[in-house]
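Participant: The primary structure of each chain is shown beneath.
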Amino acid sequence: MELEKFELGATHFREEDLEEGRILSLHWKPNLKYAWDNGVAIGRYLAELKEGRIIARKCQKCRRIMLPPRMFCELCWRPTDEWVYVKDTGTVNTFSICYINWDASRLPEGVPPHIPAVIEIDGASPGMGILHKLGEVKPEEVRIGMRVKAVWRDPAEREGSITDILYFKPEGRE
Amino acid sequence: MGLSERIDRNVDLTYFEGEIPVEYVYTYGLGLETFFRALKDKGAFTASRCPECGFVYLPCRIFCERCFARMEDTFELPGSGRVYSFTVVHRGRDGSPKEEPAVVALIEMDGADTRLVHYLVNVEPGSVEIGMPVKPVLRPQGERRGHLEDLVGFAPA
Chain G
1 MELEKFELGA THFREEDLEE GRILSLHWKP NLKYAWDNGV AIGRYLAELK EGRIIARKCQ
61 KCRRIMLPPR MFCELCWRPT DEWVYVKDTG TVNTFSICYI NWDASRLPEG VPPHIPAVIE
121 IDGASPGMGI LHKLGEVKPE EVRIGMRVKA VWRDPAEREG SITDILYFKP EGRE
Chain H
1001 MGLSERIDRN VDLTYFEGEI PVEYVYTYGL GLETFFRALK DKGAFTASRC PECGFVYLPC
1061 RIFCERCFAR MEDTFELPGS GRVYSFTVVH RGRDGSPKEE PAVVALIEMD GADTRLVHYL
1121 VNVEPGSVEI GMPVKPVLRP QGERRGHLED LVGFAPA
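From first to last, the protein sequence lines are chains G and H. Counting with my numbering, you get residues 1 to 174 for the letters of the first sequence. Counting with my numbering, you get residues 1001 to 1157 for the letters of the second sequence.
All clues given are correct.
FRET-style restraints, in silico, Cβ to Cβ:
id : chain 1 : residue 1 : chain 2 : residue 2 : range
1  : H       : 1016      : G       : 123       : 24 to 30 Å
2  : G       : 53        : H       : 1025      : 44 to 50 Å
3  : G       : 135       : H       : 1104      : 55 to 61 Å
4  : G       : 166       : H       : 1017      : 19 to 25 Å
5  : G       : 74        : H       : 1147      : 45 to 51 Å
6  : G       : 74        : H       : 1089      : 43 to 49 Å
7  : H       : 1096      : G       : 104       : 34 to 40 Å
8  : H       : 1027      : G       : 104       : 20 to 26 Å
9  : H       : 1065      : G       : 28        : 23 to 29 Å
10 : H       : 1025      : G       : 140       : 41 to 47 Å
11 : H       : 1005      : G       : 100       : 37 to 43 Å
Simulated from the structure, these hints should not be mistaken for lab results. Just so you know, even glycine gets a beta-carbon here, dropped at the ideal spot from N, CA and C.
Please build the complete structure, drawing on both the sequences and the hints.
Facilitator: See the structure below:
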């Protein structure tokens, strides 16, 4: 194919030009596998999730109970002091109703939307919470301030991951 | 104190694994399209000469990197060349030992002012010398895809 040459600007082509070999190209898929060290705080946090418990970390200076736990207080600029178990109930701080998947592909027609939410966990300091999903609730019923409780994966299937909690559901609902 | 809390047993270390799914299609652009098209279809090496400074580029491109002059015309080089420098590689890209050592060389092609990095093939690593004349070894025409790997490497001439 004779390519048009422009003094300025781009050379135009279509996907078919690539597919039919009118324009040469390189197709490459780099191997971008990684392993990320959980560290002391998140390592313990995930190990406790496997046991069906949520653990936080307390700073004795500012008295905050931090979730997810960290070994260093970013406000006091000092190491945190003790492990504190918190509850698996909490309050919806904010949420979104999401009709796409994480890779931005659209959910099929009729599939209920994801409801990601920030949940302030009971026992942790105000504003301390985790991002998770809401379930067993209609999107239009979700409210900021709504009380929720964790729904855990079957103990035999837990693997020390945030997904050991399947989702949070409205409190008091069977 | 928190920071005195350490993981002392390596079996207690935990990690999570992931993969970043990235894929790309790279198009060569005007200059390299001409080069790889000629390599694929004719097994030819296309160069361009700067009209301002006379510098000869291989592969051909559309602008001179030294004086920014537009280079419209391309011409074919004979393909012969010499070893400018070389190294013997015993390990693969992932660090694992290679079954056979590979010789990677900077090739100065006759008529070009730039150099190509490529493999030396059909040669004992111990017998390679700087200045050694070499010729290109191409894949057969039907197997060429318009890629630098269409060139298997350079062999002693």
